[in-house]
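With the hints as constraints, model all of the structure from the sequences given.
Letter by letter, the chains look like this.
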Amino acid sequence: MKAFCLLNNFKQAIQNSERITGKQVNLPILNNILIRAKNDELVILATNLELGIKSKINTKVQKDGEIAVPARVLSGFLANLSQESEKIQLEVRNQTLHLKTGPHSASIKGLNTDEFPIIPEKKGTFLFKIDQFSFKNALLKTFFSIGMAESRQELTGIYLGFGEKHLVMTSTDSFRLTEVKLPLSGENKGVDYPTVGENIGSVIIPFSTLNEIARIIDGEGDKIEFYLNENQAFFKLGSTQLVSRLISGKYPDYEQVIPAKFGTQAVVESENFLRVLRMANVFSGGRSGEIQLSLEAEKEKLIINSESEELGSNQSEISSKILGSKQNLTLNGKYLMDAIQAAGSEKVALMVNNPAAPIGIRSVSGEGKIKEDFVCIIMPIKK
Amino acid sequence: MNNEELWKSALGEIELSISKANFITWFKNTYIISNSQRKVVIGVPNGFAKEWLENKYNSYIIKALRNLQEDILEISCVITSDTEAKRQVDSVVSLSADGPLPAQKMPQIRQNPTINPRYTFENFVIGGSNELARAACYAVSQSLGTVYNPLFIYGGVGLGKTHLLQSIGNEIIKSDPAKKIIYTTSEKFTSEFVNSIEAGRINEFKDRYRQVDLMIIDDVQFLSGKEKTQEEFFHLFNTLYQNNKQIVLSSDRPPRSIATIEERLRSRFEGGMIADVGRPELETRIAILKNKAEEKGFSIEEPVLNYVASNVTHNIRELEGALNKLIAHCQLQDIEPNLETAEAALSELILSAKKPITHKQIVEFVGEYFNINPEDIISQGRKSKVVKPRQIAMYLIREELSASYPSIGEYFGGRDHTTAIHAYEKVKTELKNNNSLLEDIKRIKTQIEQL
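Chains A and B supply the protein sequences, listed in that same order. Here the first sequence is numbered in my numbering, starting from 1 and rising by one per residue. Here the second sequence is numbered in my numbering, starting from 1001 and rising by one per residue.
Check each hint, because a few of them may be wrong.
Straight-line Cα separation of at most 20 Å, EDC-like style, residue types lysine to aspartate or glutamate; simulated pairs [as the list claims (entries may be wrong)]: (1) A:Lys250 with B:Asp1334; (2) B:Lys1056 with A:Asp114; (3) B:Lys1028 with A:Glu115; (4) A:Lys261 with B:Asp1213; (5) B:Lys1020 with A:Glu115; (6) A:Lys382 with B:Glu1348; (7) A:Lys382 with B:Glu1343; (8) A:Lys250 with B:Glu1336; (9) A:Lys165 with A:Glu198; (10) B:Lys1292 with A:Asp253; (11) A:Lys326 with B:Glu1348; (12) B:Lys1056 with A:Glu66; (13) A:Lys122 with B:Glu1054; (14) A:Lys250 with B:Glu1295; (15) B:Lys1245 with B:Glu1231; (16) B:Lys1056 with A:Glu115; (17) A:Lys122 with B:Glu1051; (18) B:Lys1020 with A:Asp114; (19) A:Lys261 with B:Glu1343; (20) B:Lys1056 with A:Glu50; (21) B:Lys1056 with A:Glu150; (22) A:Lys123 with B:Glu1054; (23) A:Lys382 with B:Asp1334; (24) B:Lys1296 with A:Asp253; (25) A:Lys382 with B:Glu1340.
Computed, partial: chain B to chain A, Cβ under 10 Å [stated by the list, open to error]: (26) Pro1045; (27) Asn1046; (28) Trp1052; (29) Asn1055; (30) Glu1231.
Derived by calculation from the structure, the hints in this document are not laboratory data. Think of the CB as a built atom: it goes at the ideal place given N, C-alpha and C, for glycine as much as any other residue.
Here is the structure:
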C-alpha cells in the first residue's frame, strides 16, 4: 500500500478510532486499527465488539493495500507531531507501516488483517437525521443522570423515543430522571419513521456509544443520520460511521412519573441558586447532602437551609418569582445542582406539588417563559 | 438430539479448529434458534459476531454441524440478546415436540376489528353498582334478540359501559362466529351516514347495517340534535327490531334525559330494558385494582390497594391511571409497592382531587342545571320554580360540605335555620320515592365532583 493524505484528517480519524479499540486481552487484534487504501480513499476501522467505527478520508492512493497496527503506538506518534507539514505519507512494506510527515517518520510493526473483525454495514435508508450540535447538546443534558448499576442494564443507556413531533431522550438512575425533547421536522424523518415509531417506538442506546458520538461531533457534514437495523444502531456523521449494539429490555414507563401539573412554580437565577447550593452543601456534610428549601410565595423568595451535627448550619435567601402556594421540602443538593447545570439557561423554574411528590426543574427562556423541551425530575427526601 | 446438544457438540469440534481466543470471542453466548428444512439459524450477541460467523467461520460451522446431522445445508445468524435467545429456544423446543399446532393455539386474526378481545365478561369485576347491567348484558349474549331488546345501558364516565358492550360482542364471537356484529359509536355512525350520502352510496350503508345479527351503538347521546341521522337510525332500528335482531345501546344518561331526540326514538329506547352502571363501591374498587394488578403481573398487598381505592373514587379509568402511576414509580425505583410509595406516587392525583367546594359553586351548579339565576335561588322569592332548586341546593350543601343549618340559612339570604332543616328533610324523604329527583341530584353531584 502507498498513499498520501491530509495530516489533520488522518490524525482526527485515528484519534476517534483509538478510543474505540478493544482494551481486552481475549482478542489482541482488537487493540489495533485497520487502515485500508483502495479506490482513492483511506478507510480506517476500529472496534471493541460493542461499538465499531469506520472513517473515510480522501486520499491519493498510489498502491492499494491494508494493514492493522497497534492503536496506541500510532496515536502516540501522531499526537506529538509538530504541525509543520500538511500531508502525511503512508507505505506498507513487509507488514510494517511506514509513515513520513515533515521532519518526522516512523515504522510501526503491524499484523495481518485477516483476523480483523468485519464491521457491519448499515442497510436501507436513515430513520431520522438531525443537526449534529443540537443532538450533542441534548445528549450532554442527559448524561449526568444515567444509571451506572450493572444490575439494571436498561438504565445504563439512554432511551431514544421516536415521537411524532419530537425525538425524546431520557435517562434515569432511579433517583432522578432527565427528559429532553428535540423537535423533528418532516424532512428530517425517514420514510420508515412513522411505522417504526408505532411498532418499535423506542430503543435504548448504551452510554459508551453516545459518549463517543458526543466527542466525535465537530460539525463536519452538518447533520447526523441514524439507522436502525435488526438490533443495531448506526450513526453517520459526515465521513464517519459508527455501529453500536442496543440494550435489550424494556425501559421503565417513566412518563407516568412526570407530574402532569405543578401547584407551585418558582423562577430563580441559575447562577445565584447554584452558588447558594454549593454553600449549603459545605454544611450538609457527606450525608446525602440534604438541603431544606422553603418557597415563600408571598415574600417572593427562596430560603435554603442546611445543617449537620458535626459541622453546623447555614441559611441563605435568594429572590424568586413564585406562582402558587408556599412549599417546604427537602432535596438532595447535588441532584439539584446537576439539574440546574444541565438546564443550561440563565433562569430555571423549580416546580413543586407537595413535599412528597416528585419535583421538576425546567429551563426558562429569556422572556420568562418556562420551556417544555427539558425537564429533570427529582424525588424529594421524606422527612 | 435437541438443538442445545447439537450446538454443544458442534462447538466442541469447532473449538479444536480455531485458537482459544477466537473461540471465546466469537462463540460465547451463541445458541441455535431454529433448525429446520436443512437450515440452522444461530443467535449471536452482536453484529460483529454475525458478520464474522457468517463470513469467516461459515465453513467451520457447517462442517461441524454436518458431522452430527448430515442434511444441514446452510447457516445464518440473527442478532439477539441473551434472554431473548433463551426464550426463543424454549418455544422452539415445544413447537417441534408437538408437531403441527392444534387449531386453538394459532394466533387469532381478529374476526371483527371493532371488537376488542381485551373486554370480556370474565375480566369484568361485578359489584352492587353494576350487577344489574352486567346480568342484562350477559343474558343478551346468551340469546340474541329474544330476552331484552333493545338493551339500553347508561352511566357516568369511565364506569364500564363500553367494557360490557364489548363483552357481549366477544361472547358472541366465541359462541357463534358466524353471527354478524357491528359495534360503533353514534358519532361514527353519523359520519359514515353523511359520507355515504355524499358519495351516493346510501343503499350500501343501509344494507350493511340491516344485515347484522347484533348492533351495538356506544354513546347515543351524541345523536341529539342530528335530525337526519336520527331518522335513518329510526328506520334501521325498526328493521332490525322487526326481524328480532339484537340492538344494544349505551349513553351517559337515561333516554328521557337526552335532549333534542325524536320522541319516537326515545320511546323505542324506553321500550326495552334500561340498566344503569353506577360508581363502584369501595369493595368493588379494591377488587378491580386487584384484578388489573394481576393482569399486569404485579401482586400488591391489601393495605396498599385499600389506600388507592379509598382515595380514588370517581371512576374506573381514574383507578387504572392511579395503578399505572404506582407501578411505574415502583418499576423506576426498583422497589415493591408499599403504602409509602403509594402515597408518594399518588399525592399529586389525590391532592388535586380534594379541592374544596364552596357554597357559591354548589348554588351555581344547581342554577345551571335548572336554568335559574343563582341570585334568585338565594333571594327571598317563593315562586315555585325557584323553591325546588333552592331546597335541592340546601340539601346538597348539607350533604357535601356538612355545613351547619344556621350557616346554610344565613347564606340563603338570612333565612332561619329551621328553613334549612325543612328543606333537607323534605328532599331526603322525596328521594326515596322520586326517581327523577334522584337522577337530578346524581347528575349535579357528578358535576361537582368533576370540578
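- Does Lys123 of chain A pair with Glu1054 of chain B here, judged by a C-alpha cut-off of 20 Å? holds (17 Å)
- Holds or violated: Lys250 of chain A to Asp1334 of chain B, with C-alpha atoms at most 20 Å apart: This hinted pair holds, its Cα atoms lying about 13 Å apart.
- Message: The hint names Pro1045 of chain B as touching chain A; please verify it with the least Cβ-Cβ distance against 10 Å.
- Response: holds (8 Å)
- Item | Given pair status - Glu1348 of chain B, Lys382 of chain A, alpha carbons within 20 Å | Given pair Lys382 of chain A, Glu1348 of chain B holds - Cα atoms ~15 Å apart, limit 20 Å.
- Query: Are the Cα atoms of Lys1292 of chain B and Asp253 of chain A separated by 20 Å or less?
  - Reply: holds (17 Å)
- Query: Holds or violated: are the alpha carbons of Lys1056 of chain B and Asp114 of chain A at most 20 Å from each other?
  - Reply: Holds, at about 9 Å.
- Query: Are the Cα positions of Lys261 of chain A and Asp1213 of chain B separated by 20 Å at most?
  - Reply: violated (47 Å)
- Does Glu1343 of chain B lie within 20 Å of Lys261 of chain A when you go C-alpha to C-alpha? holds (17 Å)
- Message: Next pair to validate is Lys1056 of chain B with Glu150 of chain A; report whether the Cα-Cα distance is within 20 Å.
- Response: Judged against 20 Å, a Cα distance of about 32 Å means the pair is violated.
- Query: Has the given pair, Lys1056 of chain B with Glu66 of chain A, been kept, meaning a C-alpha gap of at most 20 Å?
  - Reply: Given pair Lys1056 of chain B, Glu66 of chain A holds - Cα atoms ~18 Å apart, limit 20 Å.
- Item | Supplied contact hint for Glu1231 of chain B, tested at 10 Å Cβ to chain A | violated (39 Å)
- Under the criterion of a CB-CB separation shorter than 10 Å, is Asn1046 of chain B in contact with chain A as hinted? holds (5 Å)
The earlier numbered hints that this structure contradicts are 4, 21 and 30.
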